[in-house]
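Colleague: Guided by the hints, dock chain B onto chain A, whose structure is given.
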Amino acid sequence: MLKRLGLALITLFLVSVILFAIAQVMPGDVGRAILGPYASERQVEALDHNLGVDRPLLVRYWNWAGGFVSGRWGKSYLMDEPVLPLVTRRLLNSLILGGFALVLIAPFSIAIGVLAALKEGGWFDRSTAVVGLSLIALPEFASGIAVLVIFAVVLGWLPVSSHVPGADPIDWFRQLLLPSIPLMFVLFGYISRMARAGTVEALHANYTRTAILKGLPRRVVIWSHVLRNSLLPTITVIGVQTGYLVGGLVVTETIFSYPGIGKLVFDSAIGHDLPVLQSAVLLIAILYMLLMLISDIIYTLLNPRIRLSA
Amino acid sequence: MSRPAIARRAGPSARTLEIEELTVGYHRRRQWSVVISGLSLRLEQGEAYGLVGESGCGKSTVAMAVMRYLPPNAGITTGRILFQGQDLLRANAAHLEELRGNRMAMVYQDPGTALNPSLTVGRQVAEVYRRHRGMGRAEARDAAQAMLATVQIADPLRIMDRYPHELSGGQQQRIMFAMALATDPDLLVLDEPTTGLDATVEAEVLDLVERLRRKFGASILFISHNLGIVSRMCERVGVLYAGHLVEEGPAGELFRAPRHPYTFGLMRCVPRLDMHKRRHRLEPIPGTLPAAGETMAGCVFAPRCAIVRERCRVEAPTLLVAGRDRTSRCFYHEELARPAAPGAEGAAAAGTVSQAEVLSLQHLTKIYDARGVKVTAVKDASLAVRRGEVVGIVGESGSGKTTLAKCVVGLVGQWAGRIAFDGSELAGRAEQRDANLRQRLQMVFQNPDNALNPSHTVKGILSRSVRLLAGRKSAPEIEARVRELAAAVRLAPRHLELRPAALSGGLKQRVALARAFAGAPRLVVCDEPTSALDVSVQAAILNLLVELQETRQVAYVFISHDLGVVRYLADRIAVMYLGQIIEMGPADVTFRPPHHPYTEALLSAVPDFNRAEGRGRIRLQGDIPSPSNPPTGCRFHTRCPRMLGSLCRDEEPPWQQDGTSHLYRCHIQPAELREAQLAGPPRAGSS
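Going down the list, the sequences are from chains A and B. So the number in my numbering is just where the residue sits in the first sequence, counting from 1, plus 16. So the number in my numbering is just where the residue sits in the second sequence, counting from 1, plus 140.
Chain A on its own, in the form it takes in the complex (with noise of 0.2 Å):
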């Protein structure tokens, strides 16, 4: 496990070099981005200098990331506010959606995708096959427009743009449903193929066959026997998939305007906002690792052979 964090550590950091390198190099001075077309030459070479865009590269990259550590994430260009609490405002806004997605559609995806595998080469199986497949392959931006257009503009059940939702739940819907359609589409996707083929191959294995064979239920036989082993690749696969939706959620944030991490960080890079874009995107770094390692650590406990060897 420490070999696991060490790594992860290790890929965070060539993440932060890489993003700050990216940054750096993105086409455009910030002065100008910040001022408009119309400021002349020395305004905007006097305001990378306050904000300190002329210093060395090295430098800059040593101040950035120290000051990333230390929690000084300096302030928006654009929004004249504290990166940090910004950034992780918007990112819990974020959870909230991604949140709202995957718990209404994880255990629908999973009971599909055990279906499908119990009726294995059957007429529903190959449909929940096209549909998932098909849902995977349609970009969020296509769904998202299409769902948007749809349900709120022609049949005006839902609002054009979303908030933050309060504390009524019929709220949560009102707000969440429409931009968390596309994400649960191509969730549903991957967690229903994926727990498709891991109950697959625990029925065909050789201690379904034993368990059968020694006279249990059917319904003993999937529950004890074939659901304890195929659920095991699936819910790494929701681990990463919710690492997905971090970053998944850019597209339907902007489309949907919700103030989340997605919407920051595709503002922030339009308007040449580094030090939210830098941070914005390291954090989310920071997070997919995080549920990366979270969804090992389940895998590895509900896992005897792993748990013991380890």
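These are calculated hints, taken from the structure and not from any lab test. Not one of these hints is a red herring.
Quick list of the computed label-pair ranges, beta carbon to beta carbon: (1) B:641 / A:273: 51 to 61 Å; (2) A:153 / B:660: 50 to 60 Å; (3) B:537 / A:124: 38 to 48 Å.
C-beta: ideal position from N, C-alpha, C; glycine also.
Modeller: Then chain B, alone, in the frame of chain A:
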């Protein structure tokens, strides 16, 4: 079992199992192919019936049909399967659930995958009691624990909470038996229950089956490819060939005097412990099993039969009476009853062995470092192979025989000691070695499926080796050499255009052999080259190995767990246990007393269909200790039936010399040991 003898049997003479005219087929690639044709057999109450045959003949299909667990693409077209008078083919799902695991149970090959990896074994056994005896959690657990003791698992309480992967193969199979016998079933179907287990473990499991049979009295349908095991375990035997029962009869008589040419052929291609390549040539059954679904006008065995006549090709024989309680599906079975000439004796004269050494190992030690745990896989092994000589290495899994082979060919590096080949010292790994040396030192693996590139044709595979190993450059030269190699291993020219997937196991192993011989090697290391093959194919490969050795003056290091095969092929034999060579000597001497007590136990574990029974057997207790933590003193002392006492525990035994070139590592002197071993096993068998 405390269960009262409820009316478990319909009547005193009711048959446990009766299969009548069973025909089973499979849908494969839109084709219906029949795999079992009109099979009839019966099992009396308490009887053990053995079903033998090679892979693909339909043995397991019969077992699965009896359990009503055929795959979805299989179908039973005709016949009945009566279990205590009730037709299983008409039983509904609920009825089957009631019977399975309760009145009829099954144990099969590969217990490692047959147990659920994420449930403790105790729970898996207890489940049977909960299901079929309606016991509560605690009661079922107690019953399971008692059952574990019945199948002779040491320390059942501790094992109960283990997961399957924490147990050895032998223990896992005992758990399977515990589960199968938990409810004292009337029928036990055993499908290759010991295949894949080590010889001494196999012997233990078979002993257990015999003991449990006496205790529980279930009828047993015993399915195996191993004639020796079936002849030992069963009262009656049926021989299956291409889905047809070709012969049936009492086990003793059937193996003493087979009445079907297939049975006859099967028995003749198994190398027995008294056979040697210099005196006997094996007689493989020519040809291959007919493809599933192939229909034949005459006898199914006719294309491969040694005594085939014109009539056999046009008319299919029915099961004919061939003596008391015996039947044979052969028109000419009486011809087989006459005493035949005992094999092609004296036919072979293997190549000469010169005194020059082609390979010499000195103090070879290989230590693996598995996550900080040091495992000594090979310890201080010294061995010499002379030119044109076959040195057999025997031992169970974990004995280090494969590691030794890998060190020799350079598949693992970082070993200590010296390996000299053809006069020059070898570097650690193959890639550090001279190309010229590599081409003269080749290896053949157990599983040709993994050893051949599936995306190349046979010709492509061989051409590549010829180019690399023999340094041939021009296309016609390579082509000629490939054809020559293919002819040497009896591959037909049409096989050259095929990919490995289209070849049978035997043909694939021929390709692997041809590849090894591409560079005119001086030494070929063969690691279990025939273990994955059927006996009739094995015989052909062994003959081929002998022939190549004769004509090309090549030496082999031949690794096998099959003592008969090693005894047949080897000029000298080394026995390994826990990484050490513990005995070494000429082939004919090593398997005769005095020899190491471990070798004695290995020999005793061989179920041989023509060995006189009556002599007690030696059974080793417990499993092979972990090589990461080997016992002190003599490594074998924890299992040795002839252990002397603290001497064996504390001091490493010296090499004892018996005769000129026979050595074994033991504290007991040769004269003393010979006397003791000729007198019989030390503790009158086990229990």
